[in-house]
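Colleague: Chain by chain, the residues:
Number of protein chains: 2
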Amino acid sequence: MANSDKYVYHFGNGKADGGGTMKDLLGGKGANLAEMTSIGLPVPPGFTITTEVCRYYYANGQTYPSTLDAQIQEGITNCENIMGYKFGDSENFPLLLSVRSGARESMPGMMDTVLNLGLNDQTVQALAKATGNERFAWDCYRRFFQMYGDVVLGVQKLEGEDEEPFETVIHKLKEERYHKDILDSDLNVDDIKDLVSQFKTLVKERTGHDFPTDPWEQLKGAIGAVFGSWMNDRAIVYRRKYHIPAEWGTAVNVQVMVYGNTGENSGSGVAFTRNPANGINEFYGEFLINAQGEDVVAGVRTPEPIAEMAAHLPEAFEQLLKVREILEKHYKNVQDIEFTIQDGKLFMLQTRNGKRTAAAALKIAADLVKEGLIDWKTGILYNPADQLEQLLAPIFDGKAVQSAVRVASGLPAGPGAASGKIYLNADRAEAAAANGERVLLVRLETSPEDLRGMIAADGILTCRGGVSSHAALVARQMGKVCICGASAIDVDYAARTITTGEKTYKEGDYLSIDGTSGIIYEGELLTAPSEIIAGLIHNDEAARTTEKFQNFVQLMDWCGQAAKLGVRTNADTPDQAAAAIAFGAQGIGLVRTEHMFFEGDRIDAVREMILAETLAEREKALAKLLPHQRGDFHGIFKALAGKPATIRLLDPPLHEFLPQSREQQEDLAKKLGLSADHVARRVTELHEANPMLGHRGCRLAISHPEIAEMQVRAIFEAAADCVKEGIEVHPEVMIPLVGFAREFELQSEIVRRIAALVMEEKGVSFEYKVGTMIEVPRGALAADKIAAQAEFFSFGTNDLTQTTLGVSRDDMGSFFGAYTEADIYPQNPFASIDTEGVGSLMKIATEKGRSVRPELKIGICGEHGGDPASVRFCHSLGLDYVSCSPYRVPVARLAAAQAAVAGN
Amino acid sequence: MANSDKYVYHFGNGKADGGGTMKDLLGGKGANLAEMTSIGLPVPPGFTITTEVCRYYYANGQTYPSTLDAQIQEGITNCENIMGYKFGDSENFPLLLSVRSGARESMPGMMDTVLNLGLNDQTVQALAKATGNERFAWDCYRRFFQMYGDVVLGVQKLEGEDEEPFETVIHKLKEERYHKDILDSDLNVDDIKDLVSQFKTLVKERTGHDFPTDPWEQLKGAIGAVFGSWMNDRAIVYRRKYHIPAEWGTAVNVQVMVYGNTGENSGSGVAFTRNPANGINEFYGEFLINAQGEDVVAGVRTPEPIAEMAAHLPEAFEQLLKVREILEKHYKNVQDIEFTIQDGKLFMLQTRNGKRTAAAALKIAADLVKEGLIDWKTGILYNPADQLEQLLAPIFDGKAVQSAVRVASGLPAGPGAASGKIYLNADRAEAAAANGERVLLVRLETSPEDLRGMIAADGILTCRGGVSSHAALVARQMGKVCICGASAIDVDYAARTITTGEKTYKEGDYLSIDGTSGIIYEGELLTAPSEIIAGLIHNDEAARTTEKFQNFVQLMDWCGQAAKLGVRTNADTPDQAAAAIAFGAQGIGLVRTEHMFFEGDRIDAVREMILAETLAEREKALAKLLPHQRGDFHGIFKALAGKPATIRLLDPPLHEFLPQSREQQEDLAKKLGLSADHVARRVTELHEANPMLGHRGCRLAISHPEIAEMQVRAIFEAAADCVKEGIEVHPEVMIPLVGFAREFELQSEIVRRIAALVMEEKGVSFEYKVGTMIEVPRGALAADKIAAQAEFFSFGTNDLTQTTLGVSRDDMGSFFGAYTEADIYPQNPFASIDTEGVGSLMKIATEKGRSVRPELKIGICGEHGGDPASVRFCHSLGLDYVSCSPYRVPVARLAAAQAAVAGN
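Residue numbers (my numbering), protein chains in the order written: chain S, 1048 to 1951; chain H, 1048 to 1951.
Calculated from the structure, these hints are not laboratory results.
From a predicted model like this one, the values you see are computed outputs, not experimental measurements.
Hints are not guaranteed to be accurate.
Copies of the same chain are indistinguishable here, so a pair counts whether it falls within one copy or spans any two.
[As the list claims (entries may be wrong)] Straight-line alpha carbon distances no greater than 25 Å define the calculated SDA-like cross-link-like pairs of lysine to any residue that follow:
#  : residue 1 : residue 2
1  : Lys-1832  : Asn-1107
2  : Lys-1832  : Tyr-1289
3  : Lys-1227  : Gln-1245
4  : Lys-1417  : His-1218
5  : Lys-1219  : Asp-1261
6  : Lys-1667  : Ser-1861
7  : Lys-1221  : Glu-1099
8  : Lys-1816  : Ala-1869
9  : Lys-1379  : Phe-1330
10 : Lys-1379  : Leu-1420
11 : Lys-1369  : Glu-1418
12 : Lys-1671  : Val-1216
13 : Lys-1832  : Glu-1099
14 : Lys-1379  : Thr-1547
15 : Lys-1832  : Met-1278
16 : Lys-1219  : Glu-1329
17 : Lys-1376  : Thr-1547
18 : Lys-1832  : Asp-1870
19 : Lys-1376  : Leu-1420
20 : Lys-1832  : Glu-1883
21 : Lys-1685  : Lys-1816
22 : Lys-1251  : Asn-1586
23 : Lys-1832  : Ile-1891
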């Protein structure tokens, strides 16, 4: 069989066809099952159907390669040989299977799973006989029925129903025979047989067909359902959020069942080799005696902390601690594992790199480096750049917390502070968030159906489930604040209220949750800066002694050593500049001069300038603005203390500065001694059909050179004054919206003329640069002509995205929803650079620009500068720097360092 | 001397360093003087200073190459040797020189000229002595003084002055001693000596320096002035209009003077070897006895028709007729010549290809092919594409002319019909035209200063000067209607009136001029279609028998044989389609479906659709539109009779269809049974900050697929009905504003689904295509992805220009003036494709698109489709077709054929 025809990879008995590096083909789970098998860990035998089959399945009208059936049968035979059981055996212990999805990247809770496959009315008897445990056998059968019915046969909650139909049957029986809160494990074998019987009727009613009894038919159905689940709504939503290509597909893992529910000497658990919430080096997880793994993660029964296992199952626990050590050493990373103990014997069902919060990532990376397991460059890679900002998020203010009313407490599952209005349902939470409300999603437990609500919420609170529950897992991954298992809280979905003790809170009431301590407070709480902000920006000495602060500073230091791409900041004031420098910014990449126009009474001078009828009047108004602008620039140069500052000349259309209402226009007219009609007429004259494409950027200064002259004079007078005061300056004057080389030529003539004039007047001399913003496609396409004169380029990726896509950011709201639904934009192009379109132009501009001026300095200054994917892209283009808002500087530095390390 | 150091090219005595092919280096005049010398025509000796010197001059701070002086001296020596005279000789006949500019392309009247250089108070005596004609010598001196004073010393009209200061001196003397209308030639030698004396005072007063007396100094000054004139305002305006790069530079031609003003056996003239106004094969030109060439072209004295020369100077005329024949045979084209007869001997001063009207070009090309001088492909090249539309311009309606009041008549110098308000000054004419008025510029005579006014005017009328005057020459070149030499008209610049007989017309009154007959009418006259329109569109049999019509049809036939690029039309109605097909369009390149939305009462259904709150309501409104759209498409398919039609789905934003005023909104609300507030709210909701970049194009149909479904159904139902009626159809459905492949995928799914449905319903089957408009830069950059699915591309160059340049056409008025002044746009990018920017994207899209689909059909459908330069560019990219408005089809066909011929 040619390798390209190999669709099934076996593992078991210490041998495996695949390995840990084959995630693309075998998925993460399959690759790790093979890897664990190879390194001698106890893994139940099985096989993986490759992701290639998934791609084939969708490319060929949901059919399979012709040789697949035979290969699956070979896989089953292999399992039968290892175990000594037979699939579908109705006499002896039957081989039972689990069927699980497993994509290249973990998609927790997204994909469907079927356990105990192979049971029917005959094999259940054989199982009962072989185990001598009739109740166990029937409970397996009941579970299989329920999962298969849901996942494969589609017997699911209908509109108007509050729970899964199988659960309804169970709840009804419990209430009729016992009471509603009795545990599944307290049902007797007759109860369970009755449930199975009722399930059969339910399936027949809902699907019109009998439940399939042939194990091979069951297997085929389950495999098809896993592949089918790759395209279900939850999976699509998840992939969209995490930019996972649909082409990857999922693998299917078929594995011999082991049972944690054969009695008190059995159990199941999930664990992390270190604490994924805070990074502490402690074995962290939960287990349930006499239960299957699903019981642990589903959050239905609250499991026991992993440490308790030492008392209940001491031998297995010893073995598990050894596995923990082997896995961390082997994978050199924190592992997230699933295991089952069947009759005292440990089986490993899964291992993968453990998702962790940003805080945990920071500590784990620092500790692993200290322990010598990884080097510092790998330490950089272990910190997820897109979550780093969580470390800077505010925490609850100490004083506010002292006087706050405690509502209850739960398990701290996602650190941080979140206040918001509570919502008890994902749809309403999503709607409220879309309305601009800050939202806490409160649920008994969460399930994949709640995903949209979790994305929308600032914080998540559940009453059931532990730190490995769905809620906790997803919250950590998304960086959401989360408390789970707050069992003192009762949730009434129908009344839309939650109750604890005597207090009742209804939907829309404010609560506050501290995901670091696990405490829930009433109302909205004041917040305080995180230790990192306190230490870096406010010079709080106590904060600087914290481990978190020190690990952060160490990480930034590593980034500084590794990165090739520089990071600057967009700042319009000295304060912003100072904050960014504290975060390690290497200068300012964008000063928007017009941001200062609205301060104090200078807007009057701006308006006077715009309303001027003659050059002389306009120059008079500009003269009033000059000292203000000079003062602003002086402050910025001082704050930079020798770091470079890229200062953009006036960019927005003039009408943005004029009042639009008649009343304001009358006020303005009075102030300036003009008629209100004159003002109104000028506003009308300046109105534009498409201001984004109108009279702005350098076009303003080409029709009114005196505006540029004033601004340039302000820059150079301020710089000259600084030089006289002994402050080093590196002004870089940036001409906006250049598309034609001649535009740049005309504007740079003004800059160089005024600069020379001011230096002569002030009797000082210093270096400066003149460059341009590349923000219309033509600027990129004519980059060689422009670079013949310009000393630097800065991509204005916001406007470049608007013009390249032909999409106005202000107007895209009307179709963005439909576009997201239809999967048209791989990601929001205003959040992350559209590499195919905008990126192509950036590449063209970089190549053309450097072809005529190899030392051309190139950066970006759009909002994309703080987006990790965009930073990676800028690194790959060989840009000199990105510029982003001050608080995104650490993220950009980390992303830049990661790109450099990954590129080595 | 290395060739690259050769800056001076000699000619004379039958030998020349240069030749006719060296126009880039020697300019047109210099190359032709060399060529004429080589083929044995009588040319006064001289030399040409190359255009390279001009480039050097501007690149090196207006200085010259170090070896230039020596080379010029060598040139003078060569002339002295041929003539036997000495430069600056104050004893014998002195060598006198003309110094003229000469660029690669002729720029009539743009550049400055100095004649009789070498005269001073001493050499004038020598000249008088040698010629025995004191009056002649002093008249030469006077002329030299006047030209040199103006051109080199800058003694020119000041603000507030009505005429050149030298002319004022002359007019004053004439009025004091004789009367104002006495001719220059009637002044006696003392008069002239007094004039020279007064000129000296004038120069001293105006410049502060004495007039230079050293001939070498004079020569240096004149050469510098010619190079300097390359950058004067007139030259810059002219180059901007004709897209001549400033880098070309001008050459300087220094040539030995010959004199047409030595007496009654001398004269000067200009002539065309055929009639440049109508193309008739007749010797066409004018001459003046006892005059220099400048007297002929300046329009001061009205010259005599060339045929009269046979009587006055029979031998020279015979010789001239031979030269005419030699030149046409040698150059294989109509020549525009200048000559001087000195004492009965003919000298050729210039030859160049004669500028001609479109009508003349049509006939001349046809005749030259018939005569076997050129082949038909060259015949195509002889028709200037950018003037072809003149042939389609209306002529005055016969009936209107019969009842019209004749004002006067003059020489027909630019054929066609023009009505407009008269203006007597270029500035006022330009301002009025900018105001939207149709303008006739009326002047005694025109000069280069009038150029802006001539560009702005629809027609030009002068009272002095013949068919070779500045006015006539420029008008023919620009395709302006022109009558010159209408001597019955008196112009009073001060009163701003013109008078003929008893009638007076003031500025702003309407006149009408027929540039074909030379007759001037009162008021605004009705027009009728040209012979070509009458013949092709109205099937007027009489028109079809005219030579003009037949030459036109023959030209279009040649174009059909030569062109590689197809021509389609933009048409929204069957009438437009029929007209375009009569002009030879090969199909429709763009049907804008929304153009039909405003017809009849269907706008109500459109508005109902937009105001609908639910899908069901919207579908109801769309169902009302369906039969209208189907009917429109049926008519178009029928008119096309099997030719392809590219139909674009709805493109503009919906708000364009809603009424904006409260009153109209109330009317609409009443009609649709809605509240006015509802309508107003919807209008507000749909308002966009930048509609150009908003919810339009395929974005509309992605959020509202039902709109596309209706339009596609209408197209395919109409097509199916046609097929049933036996009419061949080739629908090409075009998806607008595609930037992402997925957009196209979603929309083409709708098209293919509905098409299959309709074909099944109607029981017919036919081929069709689905393609897209490339009109945002991203579409071009992702062309490979899009072409994987799209069967054709059509560049929407209007929007592609707006997005690539980041310029809104609606808003550019506020800065376009400043941009033109500052020479930023090489041409209006909305008139002619910006090849550097937009063109780069077209190239990228074409290459990427064809890399995945080599047979991809590619065209353009912006307004650039009818612009000759843009058509040439499209040919060079290898596009399949251009699509333009129906009346531009012949222009596009001609430009396409020329590109193909020139490329061979």
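Colleague: Next step is simple, just say for each hint if it's right about the structure.
Modeller: Checked hints:
In this assembly of identical chains, the alpha carbons of Lys-1832 and Asn-1107 lie at most 25 Å apart only when taken from different copies (21 Å versus 50 Å within one copy). Only between protomers do Lys-1832 and Tyr-1289 lie at most 25 Å apart by alpha-carbon distance; the minimum there is 23 Å, versus 40 Å within a single protomer. With identical chains, the CA atoms of Lys-1227 and Gln-1245 are at most 25 Å apart within one copy only, with a shortest distance of 18 Å there and 124 Å across copies. Taking the shortest alpha-carbon separations for Lys-1417 and His-1218, neither the intra-copy value of 52 Å nor the inter-copy value of 102 Å comes in at or below 25 Å.
In the homo-oligomer, the alpha carbons of Lys-1219 and Asp-1261 never lie at most 25 Å apart, since the shortest distance is 29 Å inside one protomer and 123 Å across protomers. Within a single copy, Lys-1667 and Ser-1861 get their C-alpha atoms only as close as 44 Å, which misses the 25 Å cut-off; across copies the closest is 22 Å, which meets it. In the homo-oligomer, the alpha carbons of Lys-1221 and Glu-1099 never lie at most 25 Å apart, since the shortest distance is 45 Å inside one protomer and 102 Å across protomers. Taking identical chains as interchangeable, the C-alpha atoms of Lys-1816 and Ala-1869 lie at most 25 Å apart only when they sit on different chains, with a minimum of 24 Å there against 45 Å within one chain.
In the homo-oligomer, the alpha carbons of Lys-1379 and Phe-1330 lie at most 25 Å apart inside one protomer (16 Å), although the nearest pairing across protomers, at 97 Å, exceeds that limit. Taking CA atoms no more than 25 Å apart as the test, Lys-1379 paired with Leu-1420 passes inside one copy only; the shortest distance there is 6 Å, against 88 Å between copies. In this assembly of identical chains, the alpha carbons of Lys-1369 and Glu-1418 lie at most 25 Å apart only when taken from the same copy (18 Å versus 104 Å across copies). For a Cα distance limit of 25 Å, the shortest separation of Lys-1671 from Val-1216 qualifies neither inside one copy, at 80 Å, nor across copies, at 52 Å.
Only between protomers do Lys-1832 and Glu-1099 lie at most 25 Å apart by alpha-carbon distance; the minimum there is 23 Å, versus 48 Å within a single protomer. Within a single copy, Lys-1379 and Thr-1547 get their C-alpha atoms no closer than 44 Å, and across copies no closer than 104 Å, so neither meets the 25 Å cut-off. Only between protomers do Lys-1832 and Met-1278 lie at most 25 Å apart by alpha-carbon distance; the minimum there is 23 Å, versus 49 Å within a single protomer. Proximity of Lys-1219 and Glu-1329 under a CA criterion of 25 Å is satisfied in neither setting, with 42 Å inside one chain copy and 112 Å between copies.
In this homomeric assembly, Lys-1376 and Thr-1547 never come within 25 Å of each other (Cα to Cα): the closest approach is 45 Å inside a single copy and 109 Å across copies. Taking the closest pair of Cα atoms, Lys-1832 and Asp-1870 come within 25 Å of each other only across two copies (15 Å); inside a single copy the shortest separation is 38 Å, beyond that limit. Taking identical chains as interchangeable, the C-alpha atoms of Lys-1376 and Leu-1420 lie at most 25 Å apart only when both belong to the same chain, with a minimum of 7 Å there against 92 Å between chains. Within a single copy, Lys-1832 and Glu-1883 get their C-alpha atoms as close as 24 Å, and across copies as close as 10 Å, so both meet the 25 Å cut-off.
Taking identical chains as interchangeable, the C-alpha atoms of Lys-1685 and Lys-1816 lie at most 25 Å apart only when both belong to the same chain, with a minimum of 18 Å there against 64 Å between chains. Taking the shortest alpha-carbon separations for Lys-1251 and Asn-1586, neither the intra-copy value of 69 Å nor the inter-copy value of 78 Å comes in at or below 25 Å. Taking CA atoms no more than 25 Å apart as the test, Lys-1832 paired with Ile-1891 passes in both settings, with 13 Å inside one copy and 18 Å between copies.
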